[in-house]
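Position chain B against the provided structure of chain A, taking the given hints into account.
Chains A and B, in that order, are what the protein sequence lines are. In case it helps, my numbering puts the first sequence at residues 1 to 512. In case it helps, my numbering puts the second sequence at residues 1 to 143.
Computed cross-link-like contacts, EDC-like style, restricted to lysine to aspartate or glutamate with a CA-CA straight-line distance of at most 20 Å:
no.	chain 1	residue 1	chain 2	residue 2
1	A	K139	A	D359
2	A	K434	B	D58
3	A	K434	A	E226
4	A	K434	A	E90
5	A	K434	B	E60
6	A	K496	B	D58
7	A	K496	A	D436
8	A	K496	A	E90
9	A	K434	B	E71
Coverage of chain A stretches by chain B, computed from C-beta distances (three or more under 8 Å per stretch; other residues unrestricted):
no.	region
10	180–192
11	210–224
12	434–443
13	458–465
So the derived label-pair ranges between C-beta atoms look like this:
no.	chain 1	residue 1	chain 2	residue 2	range
14	A	S18	B	G123	20 to 28 Å
15	A	S5	B	V127	39 to 47 Å
16	B	W19	A	F17	53 to 61 Å
17	A	L385	B	G123	18 to 26 Å
18	B	I51	A	V245	58 to 66 Å
19	B	P64	A	L143	45 to 53 Å
20	A	P247	B	E60	48 to 56 Å
21	B	V126	A	Q136	47 to 55 Å
22	B	E60	A	F417	34 to 42 Å
23	A	S463	B	V127	49 to 57 Å
24	A	S18	B	F74	37 to 45 Å
25	B	I23	A	V223	31 to 39 Å
26	A	F417	B	N67	30 to 38 Å
No lab work stands behind these hints: they were computed from the structure. Heads up, the beta-carbon is just placed ideally off N, CA and C, and yes, glycines get one too.
Residue strings, one per chain:
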Amino acid sequence: MEFLSSLGVGFDAALTFSNLGIALLGAFLGTMMGALPGLGPANGVAILIPIAFSIGLGPLPSLILMTSVYYGAMYGGRISSILLNIPGDEPAMMTCLDGYPMARKGMAGEALSLSGIASFIGAIAATFGLALLAPQLVKIALLFGPAEYFALFTIAFATLGGISSTNQAKAAFAAAFGLSIAMIGVDTQTGVQRFTFGEVHLFDGIDFLIAIVGLFALSEVFVFLEHRGSEGNKEESIGKIGRIVAPWSMIRSCIPTFGRSTIIGFLSGVLPGAGASLGSFLSYSVEKQIVDPNSKTFGKGDPRGVAAPEVGNNAAAGGALVPMLALGVPGSGTTAVLLAVLLSLNITPGPLLFSQNPDVVWGLIAALFIANVMLLILNIPLVGLFSRVLLVPIHILMPLVAMVSFVGIYGISGSSFDLVLMVLFGVVGWLFRKLDIPLVPIILGILLGNEMEVNLRRAMTLSDGDWLTLVGSPLAITLWVLAIIGFVAPMVFGRKVKKAIAEESDEIAVGD
Amino acid sequence: MSDRIMGGIGLALAAFYIWAATIIPESFMADVVGPATFPIIIGVIIAICSIWFILRPDPEPVWPSLNRLAEIGFAIAVCLLYAILLPKLGFLICTALAASYMSWRLGGTPVGAVLTGVGLSIGIWVVFKLVLGLSLAVGPLGI
Chain A
1 MEFLSSLGVG
11 FDAALTFSNL
21 GIALLGAFLG
31 TMMGALPGLG
41 PANGVAILIP
51 IAFSIGLGPL
61 PSLILMTSVY
71 YGAMYGGRIS
81 SILLNIPGDE
91 PAMMTCLDGY
101 PMARKGMAGE
111 ALSLSGIASF
121 IGAIAATFGL
131 ALLAPQLVKI
141 ALLFGPAEYF
151 ALFTIAFATL
161 GGISSTNQAK
171 AAFAAAFGLS
181 IAMIGVDTQT
191 GVQRFTFGEV
201 HLFDGIDFLI
211 AIVGLFALSE
221 VFVFLEHRGS
231 EGNKEESIGK
241 IGRIVAPWSM
251 IRSCIPTFGR
261 STIIGFLSGV
271 LPGAGASLGS
281 FLSYSVEKQI
291 VDPNSKTFGK
301 GDPRGVAAPE
311 VGNNAAAGGA
321 LVPMLALGVP
331 GSGTTAVLLA
341 VLLSLNITPG
351 PLLFSQNPDV
361 VWGLIAALFI
371 ANVMLLILNI
381 PLVGLFSRVL
391 LVPIHILMPL
401 VAMVSFVGIY
411 GISGSSFDLV
421 LMVLFGVVGW
431 LFRKLDIPLV
441 PIILGILLGN
451 EMEVNLRRAM
461 TLSDGDWLTL
471 VGSPLAITLW
481 VLAIIGFVAP
491 MVFGRKVKKA
501 IAEESDEIAV
511 GD
Chain B
1 MSDRIMGGIG
11 LALAAFYIWA
21 ATIIPESFMA
31 DVVGPATFPI
41 IIGVIIAICS
51 IWFILRPDPE
61 PVWPSLNRLA
71 EIGFAIAVCL
81 LYAILLPKLG
91 FLICTALAAS
101 YMSWRLGGTP
111 VGAVLTGVGL
121 SIGIWVVFKL
131 VLGLSLAVGP
141 LGI
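Here chain A stands alone, though its shape is the one from the complex (with noise of 0.2 Å):
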C-alpha cells in the first residue's frame, strides 16, 4: 500500500515531543472555542493564525495547531448543544434535536460521551477517506492546464453559496468584493501599482489575514453588542451530568448509524457548497428516515439521533479537505480559513504539493489523525470541567476575543494602518450579516483572487488572446457545465432545502 509508507514518513515527522503537546494544547483551546456559543472553528482558527505566524512557529507545529483547534471546535459544538439547547456552532444545531431531550432524561453524560465518541468515528473515517481520495484527486489535477483552472475556480466561487443558499446574487456580490480587494497591491504580471492611490501600506495588497479575523472575530463583537441582554427566555442549563460513560449496549445499538452517517457526512464534505452543516443535516434526515420513519423515538433523546449528526459534521469537515488540499480550492468557509493557514505558510496547495512537499501533506494528514485521538482522550474525561467553561460571562470573553484580535494583527506588521483596516473590517462584516451577505465568499475572493487572475492570463498568453481558449477542451467544457450548475440549483432548491432546515430545528429552538 503505497499510501501507508507515505503516512509512516507524514508520522515520523509529525511525532515529536513538542508536536504532542501543540495538538494537545490545540485540541484543548479549540474544543473550548467550539464550546462557546458565538465562536465556532472559523473565529477560532482566524484568530490563532497571526499569533501562530507572529511567534514564529514552522509549518508542521502551526499546521498541528490550527487542525487540532479546526477539529476540537468541531468537538466542542456539540457541549452546549446537549446541555444548553444552543448549538456552539452552525453544525452542532442538528444535534440539539435529540441531545437536549436525553440531557433533560438525566442522560448528559451518556449522551456527551456517546457524541465524543461519534465525532472520533466520523472524523477518524474521513482521514482515511482523505488519504485515499485525495491523491487520485490529484491526478486529474495534473492534467488541468490554466483555462482548466480559471474555470475551477470559478466553481470554487460559483458553488461556495452553497445549496441552502437563497440569494445568489449576494452570494455573487460578495466573491466579486473579495476579488476586487485581492486586486490591491502591485500587479505580479507588470509590476505596476493597482489601487493604491499612493497609499504605500498598500503596495503589498491587503493581508487577508486581516481581513479574516476582522470579518469574521470582531464582527461578532458588534453581533454581542446588537444583542446585549435581548437573550431573555434562555433555556435552563442541565446541571448535572451524571456518568460519563456511555453504556456498550447504547453504543452497539449505534454502529449502522455510525457507517452510513460516515459516508453521507464524507460525501456533502468533498462535494464543493455542501460543508458540515448539511453533513450533519443530511445524516440525521436519513437516519430519521431509516430508523424511526413515524418519529416515535427521534426527537424526544434517541441515541442515534445524537450520534448520526456528530458523526455527519465530523466526517464532512474530514470531506472538506479533499478539495482543499488536492485542487487548492476549498469547499466551505472553514477549509477556507485553513486555506488561509497553509498561504500565511507559504505553502500552495494544490496537485503540485503532493509531489513537492509530501512532508507537509501527510504530516498534516498525520496531524489530523493524532489531533483526533487526543480529542477523544481529552474530551472523555473533561467533558465536565469544559462544560464550565460556558459560564463564561459574555462581558469577559467578547473583550478577549477582541483585544486578541488586535494583538495577533498588530504583530503581523505592528502599524497602526492595518488595525484601522481590521476595524473596517469588522464593520463591514457587521453590516453584511445584517445583510444577509455571506462573509465566506469574500474570504476566498481575497485568498484566491491572484492565482485566478494568473491563470487567465497565462491561458490567454498562450491562445495568443483568444477568449475562446477558456472552453477549449472538453474538460474546461465540463467544469464551466459544473459551475453553471452549482450556481444555478440553489435558486431552484435553495429555498426547500433552507425551509427543512428551519424546519426541523424549529422544533427545538424555541428561543433561537
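Frame of chain A; chain B shown alone:
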C-alpha cells in the same frame, strides 16, 4: 429598502472601481490581457449584482433601535481610537481602557468591567509578551 441602498452603494463602488482600473498605468512588460481587464470584469459583476439588489430586494432585515446603533457606533469609535493610539500609549494602557469599555457595555458592572479590563490587559501581556515573546506596542512606561 436596505437592499436597495446596498445596491446603490455597490453601484457607486463598481463605478469607482472600474474608473480606477482604467487609470492603471501602462507597463513596459505588457501581456495580452493587461493589468486592467480582470478588475474591470470584477467591477461589472459587482454592478450586475447591485442592480439585482435594487430590482429584487430581500425582505427587510431587523435593524437595531437607534440606541443600539449608537452603542455599536461608539464601540467602533473605541476600536478605531485603540488602533490609532496604540503606538503612542502602548499596549497595557490602551488595552486596559478599551477592554474595560467593552466589558462595561456588554453588561458588566462598572467596577467589574475595570477589573476585567486591567486583568485582560495584564493577562494577555504576560501570555503573549513574556511567554510567547510576541512584540506588543511599547508605551510611555517603557513596557
